[in-house]
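Novice: Here the protein sequences line up with chains A and B, keeping their order. Following my numbering, the numbering of the first sequence begins with 27 at its first residue and continues without gaps. Following my numbering, the numbering of the second sequence begins with 397 at its first residue and continues without gaps.
Simulated from the structure, these hints should not be mistaken for laboratory data. Treat the hints with care, as some may be off.
[Unchecked claim] Per label pair, the in silico range of CB-to-CB distance: (1) A:Phe130 x B:Ser444: 36 to 46 Å; (2) A:Thr28 x B:Glu437: 41 to 51 Å; (3) B:Ala440 x A:Phe130: 41 to 51 Å; (4) A:Arg162 x B:Arg468: 24 to 34 Å; (5) A:Gly67 x B:Ala448: 26 to 36 Å; (6) B:Gly466 x A:Thr86: 20 to 30 Å; (7) A:Gly79 x B:Ala447: 23 to 33 Å; (8) B:Arg410 x A:Gly67: 29 to 39 Å; (9) B:Leu457 x A:Asp37: 30 to 40 Å.
[Unchecked claim] If you want the footprint, here are the derived chain A segments under chain B, 3+ residues with CB under 8 Å: (10) 131-145; (11) 150-161.
Ideal placement from N, C-alpha and C gives every residue a C-beta, glycine not left out.
Residues per chain, in single letters:
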Amino acid sequence: MTIRVQAEAFDYGAECAEFAANSEGVGAIVTFCGIVRDNDGTLLGMDIEHYPGMTERALTDIEAQARTRWSLADALIIHRHGALAPGDMIMMVATASRHRADAFAAAEFLMDYLKSRAPFWKKEHTAEGVDWVAARAEDEAALKRW
Amino acid sequence: MSITVLYFAWLRERIGVPREVIETNAATVADLVAELRTREERYALAFSDLAAVRVALDQELAEFDAPLSGVREVAFFPPMTGG
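Next up, chain A with everything else stripped away, as it sits in the complex:
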């Protein structure tokens, strides 16, 4: 189980390959990568602020919850902070399990929870100025299905 919170970019392909190579005896790996949407070309850039210390604790807790719910051989969460440009990769999750249902469900669970329960805040830069991204009610509602 690995959690990384970092400013630097990550190599999605290399991370997926390494995760797969280290997951012995599994039958399924699910990976997801979140990318900075350019909002039809209006987004100039994004800053992601986080709460060092609590971020790692929250992600560790979310990952531990996933492990109690599904049979996971391994899990990986990488989340960036700092300045990002449209098209940049923000974060990724990977899950490994014996059968694919566990890996898919756990990956979705990790995504739903880290959107609303890990202390990250996005700030968007557009031609009109700078604005903090508001949390969406549907992201909070998504937690109720688990």
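Given chain A, work out where chain B should sit, using these hints.
Specialist: Same frame as chain A, now just chain B:
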């Protein structure tokens, strides 16, 4: 008691500092917020709508009625937008 108070995102911008150490006898988070509001206009503005504010005590999410006894670090921030 002295408590370290952290602010993130627009709360940090409105209050103007990322962290400060506060001497307080507030019993709960709500009491601390009430105390801060009376200090200066920037606090009153930042805490004008508590529905838009979340709190963590020693890096764990908490409610506004949570007691502050034994707490070393309080953080205020808007709803999180990770992912």
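Novice: Using the C-beta atoms of Phe130 (chain A) and Ser444 (chain B), is the stated range 36 to 46 Å upheld?
Specialist: Given range 36 to 46 Å: holds, Cβ gap about 42 Å.
Novice: With a C-beta cutoff of 8 Å, work out whether three or more residues of the region 131-145 of chain A approach chain B closely enough for the coverage to hold.
Specialist: As far as the region 131-145 of chain A goes, the hint holds, because 7 residues have Cβ atoms under 8 Å from chain B.
Novice: Given a hint of 41 to 51 Å, does the C-beta separation of Ala440 (chain B) and Phe130 (chain A) actually sit inside it?
Specialist: 47 Å, holds
Novice: Is the hinted range of 26 to 36 Å satisfied by the C-beta distance from Gly67 (chain A) to Ala448 (chain B)?
Specialist: 30 Å, holds
Novice: Range hint 29 to 39 Å: satisfied by the CB atoms of Arg410 (chain B) and Gly67 (chain A)?
Specialist: 30 Å, holds
Novice: Verify the CB-CB distance for Thr28 (chain A) and Glu437 (chain B) against the hinted window 41 to 51 Å.
Specialist: 45 Å, holds
Novice: Is 30 to 40 Å right for how far apart the beta carbons of Leu457 (chain B) and Asp37 (chain A) are?
Specialist: 32 Å, holds
Novice: Taking 24 to 34 Å as the hint, is the beta-carbon distance of Arg162 (chain A) and Arg468 (chain B) inside that range?
Specialist: 32 Å, holds
Novice: Verify the coverage statement for the region 150-161 of chain A against chain B, using a C-beta to C-beta distance below 8 Å and requiring 3 or more qualifying residues.
Specialist: Coverage by chain B holds for the region 150-161 of chain A (4 residues, Cβ < 8 Å).
Novice: Take a look at whether the Cβ-Cβ distance between Gly79 (chain A) and Ala447 (chain B) falls inside 23 to 33 Å.
Specialist: 26 Å Cβ-Cβ, so the 23 to 33 Å window holds.
Novice: Taking 20 to 30 Å as the stated bounds, is the beta-carbon spacing between Gly466 (chain B) and Thr86 (chain A) within them?
Specialist: Holds: the Cβ-Cβ distance is about 22 Å, inside 20 to 30 Å.
The structure is consistent with each of the numbered hints, conforming to all of them.
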